[in-house]
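Following the hints, complete the assembly by docking chain B onto the known chain A.
Residue numbers (the numbering used here), protein chains in the order written: chain A, 43 to 155; chain B, 601 to 714.
Note that these hints are calculated values from the structure, not bench results. Do not rely on the hints blindly, as some may be mistaken.
Distance condition first, Cα-Cα at most 30 angstroms in a straight line; then the derived BS3-like pairs of lysine-lysine [what the hints assert, rightly or not]:
#, chain 1, residue 1, chain 2, residue 2
1, B, Lys658, B, Lys668
2, A, Lys55, B, Lys701
3, A, Lys55, B, Lys669
4, B, Lys668, B, Lys701
5, B, Lys668, A, Lys143
6, B, Lys649, B, Lys669
7, B, Lys658, A, Lys143
8, B, Lys649, B, Lys701
9, B, Lys649, A, Lys143
10, A, Lys143, B, Lys669
11, B, Lys658, B, Lys701
12, B, Lys649, B, Lys668
13, B, Lys669, B, Lys658
14, B, Lys669, B, Lys701
Okay, the calculated beta carbon distance ranges per label pair [claimed, not checked]:
#, chain 1, residue 1, chain 2, residue 2, range
15, A, Ala80, B, Leu620, 36 to 46 angstroms
16, B, Glu666, A, Gly139, 17 to 27 angstroms
17, A, Gly45, B, Asp697, 20 to 30 angstroms
18, B, Leu618, A, Thr62, 27 to 37 angstroms
19, B, Tyr639, A, Pro103, 25 to 35 angstroms
20, B, Ser680, A, Glu95, 21 to 31 angstroms
21, B, Gln709, A, Asp126, 17 to 27 angstroms
Beta carbons: idealized from backbone N, C-alpha and C, even for Gly.
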Amino acid sequence: ETGVTQSPTHLIKTRGQQVTLRCSSQSGHNTVSWYQQALGQGPQFIFQYYREEENGRGNFPPRFSGLQFPNYSSELNVNALELDDSALYLCASSLAGANEKLFFGSGTQLSVL
Amino acid sequence: AQSVTQLGSHVSVSEGALVLLRCNYSSSVPPYLFWYVQYPNQGLQLLLKYTTGATLVKGINGFEAEFKKSETSFHLTKPSAHMSDAAEYFCAVSAADSWGKLQFGAGTQVVVTP
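Same shape as in the complex, but just chain B:
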């Protein structure tokens, strides 16, 4: 079984500042890990994913995340926030043999201030 905890339901960052969204997971098997973004009235868009191999994963729109097995974490970062980054972000986990069956966290709403 897998589960995901996202720390902080709301995050406010200044334009140009670092964005850091925290995600911790639990999994009884090697996990696949994902970050999705959801803009208002839209579906989910994949930002990045970790399956195997390199633990630092780069995604779209300048985001990256690092898989740390010892800490069971997969935190999402972006060096410099842009106004267009305002959205809700979801961390998700699945097992390797359970494609398409994701366990999502509760989400973090990001607000970007000028």
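One chain only, chain A, in its complex shape:
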């Protein structure tokens, strides 16, 4: 048990819709990173939030956006869903710092039909 919770666990949407995924960080963690894991692939870094500001972004289009709240929980928003957005979305929380361990949630499985 990592203390990182994600909701919902499963979600089905249709192409063109918008979706919001939520992540509750482990207590005291000020950094959250989001990853997309397509079927049969490794996780791909989407972006990171540190103290409510975006702190780095991977190769994802602007329709992927996020928020981090004062309690360090976070949201991932995806607009104009495409079929290729179907994936497991993972969030990971940590303290800031090169030696700090990432704690991953169990993910949200998003299916876009």
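Chain B in isolation, oriented as in the chain A frame:
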């Protein structure tokens, strides 16, 4: 920029046999290297990491990995496989100033046979 290559998408080992999972990386800066394990319907769990110092790193569940700069490798081993080791394993790399921003390999599925 960093990238990771894991050799072999599927590995089958007998219970009690050596587990060897191969990982090669490329990085323009000194890398931080990680091995994660993922069980079905679960998130990722850190097995071990190399940041600086000793190049042989010991992790949880009897796993260890050796950082070999000359070979740009970070292979994962376990002397004796257990049925509970059946899972997917991911090698990952990051730069020292990019905490939390990992570049993962495609993963290796490990099957353990009795």
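Exercise. When you check the alpha-carbon spacing of B/Lys649 and B/Lys669, does it fall within 30 angstroms?
Worked result: With a Cα-Cα distance of about 15 angstroms, the restraint between B/Lys649 and B/Lys669 holds, given a limit of 30 angstroms.
For this session: Kindly confirm whether 25 to 35 angstroms is satisfied by the beta carbon distance between B/Tyr639 and A/Pro103.
Result: Cβ of B/Tyr639 to Cβ of A/Pro103: about 31 angstroms, so the range 25 to 35 angstroms holds.
Exercise. When you check the alpha-carbon spacing of B/Lys658 and B/Lys701, does it fall within 30 angstroms?
Worked result: holds, 23 angstroms
Problem set entry | Hint consistency between B/Lys669 and B/Lys658 [alpha-carbon to alpha-carbon, up to 30 angstroms] | holds, 17 angstroms
Problem set entry | Restraint status (C-alpha distance of B/Lys649 to B/Lys668 at most 30 angstroms) | holds, 13 angstroms
Exercise. Regarding B/Gln709 and A/Asp126, is the given constraint of 17 to 27 angstroms on their beta-carbon distance met?
Worked result: Distance hint for B/Gln709, A/Asp126 holds at roughly 22 angstroms.
For this session: Please work out if B/Lys649 and B/Lys701 have their alpha carbons no farther apart than 30 angstroms.
Result: Holds, at about 14 angstroms.
Exercise. Hey, B/Lys658 versus A/Lys143, does the alpha-carbon distance stay inside 30 angstroms?
Worked result: holds, 15 angstroms
Problem set entry | Restraint status (C-alpha distance of A/Lys55 to B/Lys701 at most 30 angstroms) | holds, 28 angstroms
For this session: Check the following: the C-beta atoms of A/Gly45 and B/Asp697 are separated by a distance inside 20 to 30 angstroms.
Result: holds, 26 angstroms
Exercise. Do B/Ser680 and A/Glu95 keep their Cβ atoms within the hinted range of 21 to 31 angstroms?
Worked result: At 47 angstroms between Cβs, range violated.
Problem set entry | Distance restraint evaluation - B/Glu666, A/Gly139, Cβ atoms, bounds 17 to 27 angstroms | Holds - the Cβ-Cβ distance for B/Glu666 and A/Gly139, about 25 angstroms, lies within 17 to 27 angstroms.
Taken one by one, the earlier hints fail for this structure at numbers 3, 15, 18, 20, listed in ascending order.
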